[in-house]
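Based on the provided sequences and hints, a complete structural model is requested.
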Amino acid sequence: MSALKAGDDFPEGVTFTYVPYNPEQGSVTACGIPVKYDASKEFKEKKVVLVSVPGAFTPTCQNTHVQGYIEKLPQLKAAGVDQVIFISYNDAWVMSAWGKANGVKDEIIFASDDGTPFSSSLGWTLGARTARYAILVDHGKVVYAEKEPAKDVGVSGVDAVLAKL
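Each residue of the sequence shown is one higher than the one before, starting from 1 at the first, in my numbering.
One thing to keep in mind: the hints can contain errors.
[Unchecked claim] Below, computed lysine to any residue pairings styled on SDA-like, alpha-carbon distance capped at 20 Å:
#	residue 1	residue 2
1	K46	K77
2	K77	G157
3	K105	A30
4	K47	D114
5	K46	K100
6	K47	G13
7	K5	L122
8	K46	T15
9	K44	V14
10	K151	V35
11	K36	E12
12	K5	V81
13	K164	E71
14	K147	A163
15	K47	N22
16	K47	E107
17	K47	T15
18	K44	Y144
19	K47	K164
20	K105	N22
21	K100	G68
22	K100	F57
23	K46	L162
24	K141	F57
25	K44	G68
26	K100	V35
[What the hints assert, rightly or not] Pairwise CB distance ranges (calculated):
#	residue 1	residue 2	range
27	D152	E24	33 to 41 Å
28	D106	G80	16 to 24 Å
29	K77	D38	17 to 25 Å
30	K164	G123	28 to 36 Å
The set of hints was computed from the structure by calculation and includes no laboratory data. Note that beta-carbon positions come from the ideal geometry of N, C-alpha and C, so glycine has one too.
Dropping the structure here:
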């Protein structure tokens with residue numbers, strides 16, 4: 001597979017792992033049990049924003065990227081987005097802790113592209129890490145897919161995605 005573009009079908013066989021939010025394990029240090037998220041199946045039934053970042057808790061990812069999506073989640077929902085998912089090369093426990101550290105329960109899924117199989121299939125990696133990109137999928141069809149050319153959030157940030165809704 002190569003990079004996705006508007007008009008493409010979202011590929012089959014794409015899965016991520018995540019730790020579903022559980023109030024009994026709401027502490028950042030609570031581990032939980034990772035489960036598989038079948039993105040290919042779920043994306044056929046929803047309008048989804050998939051955001052990839054190089055790493056949880058890293059400066060641009062934490063201070064700019066994730067904060068924008070958290071702050072503008074109501075606008076995304078008002079525009080018909082059913083789900084926002086952040087992925088990274090980090091494992092599901094780190095991603096879960098990142099979500100909890102940002103006060104996110106189940107409003108945004110923080111998942112792992114562990115080993116970067118999906119990002120690698122697109123050619124969108126930074127060495128061993130996932131690259132910074134955003135993909136908007138509407139009921140199985142890619143509406144928008146852009147990888148950042150530099151270390152900012154010009155094409156993968158929330159404002160770029162909102163402009164495509």
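Could you grab the alpha-carbon distance between K47 and K164 and see if it respects the 20 Å cut-off?
holds, 12 Å
Is K5 close enough to V81, meaning Cα to Cα at most 20 Å?
With a Cα-Cα distance of about 19 Å, the restraint between K5 and V81 holds, given a limit of 20 Å.
Can the restraint linking K77 and G157 be considered satisfied, given a maximum Cα separation of 20 Å?
holds, 16 Å
For a C-alpha distance cap of 20 Å, please report whether K46 and K100 respect it.
violated, 24 Å
Hinted pair K47 and T15, Cα distance within 20 Å:
Judged against 20 Å, a Cα distance of about 17 Å means the pair holds.
Under the criterion that the straight-line Cα-Cα distance not exceed 20 Å, is the pair K46, K77 satisfied?
Measuring from Cα to Cα gives roughly 12 Å; hence the hint holds.
If you draw a straight line from the CA of K47 to the CA of D114, is it 20 Å or shorter?
violated, 23 Å
Given the hinted pair K44 and V14, is their Cα-Cα distance within 20 Å?
holds, 12 Å
For K151 and V35, compute the direct alpha-carbon distance and say whether it is at most 20 Å.
Answer violated: K151 to V35 is near 31 Å, above 20 Å.
Keeping to a limit of 20 Å between CA atoms, is the pair of K44 and G68 held or broken?
violated, 26 Å
Given the hint that K105 pairs with N22, test it: the Cα-Cα distance must not exceed 20 Å.
holds, 8 Å
Do the alpha carbons of K147 and A163 lie within 20 Å of each other, as the hint requires?
Satisfied, since the Cα-Cα distance of roughly 16 Å is no more than 20 Å.
Hint check: violations occur at hints 4, 5, 10, 15, 24, 25, 30; the rest are consistent with the structure.
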